[in-house]
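Participant: Taking the hints into account, I'd like the entire structure generated from these sequences.
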Amino acid sequence: RKEVEQDPGPFNVPEGATVAFNCTYSNSASQSFFWYRQDCRKEPKLLMSVYSSGNEDGRFTAQLNRASQYISLLIRDSKLSDSATYLCVVEGYSTLTFGKGTMLLVSP
Amino acid sequence: DARVTQTPRDKVTEMGQEVTMRCQPILGHNTVFWYRQTMMQGLELLAYFRNRAPLDDSGMPKDRFSAEMPDATLATLKIQPSEPRDSAVYFCASGTGQPPDTQYFGPGTRLTVL
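If you're matching them up, the sequences are chains A and B in order.
Residue numbers for the first sequence, in my numbering: 40 to 147.
Residue numbers for the second sequence, in my numbering: 1419 to 1532.
Since the hints were derived computationally from the structure, they do not count as laboratory data.
Treat the hints with care, as some may be off.
[Said to hold, decoys possible] Below, a list of computed lysine-lysine pairs in the DSSO-like style, where the Cα atoms sit at most 27 Å apart:
hint, chain 1, residue 1, chain 2, residue 2
1, A, Lys139, B, Lys1429
2, B, Lys1429, B, Lys1480
3, A, Lys81, B, Lys1496
Since this is a predicted model, take the numbers as computed values, not measurements.
Facilitator: Here's what the structure looks like:
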């Protein structure tokens, strides 16, 4: 099993749609989880941390299921500016392991 | 607005040449990371420093790559000799070292080895 696994996509959605990405991880000892966003030809940037209780930041909701080693990101009311690659990130042994990302394309 | 800076932003070189990439972490951050990103492999950790000491460089080809932190404001990644398969985007990131250890990335160095 890969350390952090994501569907590469692309997910093509119209503006205003709700879209969800999933991610699985293999290290059961991991304690911290994140979603990063990477625009084309740019650096990854932190989108949000993922907490056990689930957390929401505006249109974005992140969920963690430790038993299934599964993380999700839900984006509501998609905007054109949400088009990017979303990286699932898992902390392990003081370093971060990045998934290869899921590409989202939001069209008018 | 504190940022990680990297130089050069783009580098084209010929096989066999030495390449040096530089990174200035965010002031006060004590962890520094070097990553390589390619379409095929995604983001791969090459090396990791805490308080300027190298903690993990297992992701780095030792025969040609070296990473150092001469001081707290400068991290370097050298490739000698460079090979075409080294072509990638190299990112530096820094963090506080405290959980959750969010990492802040620099803009990257796009390396092309001909």
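Participant: Hint by hint, work out which the structure violates, then give me just those numbers in ascending order.
Facilitator: none
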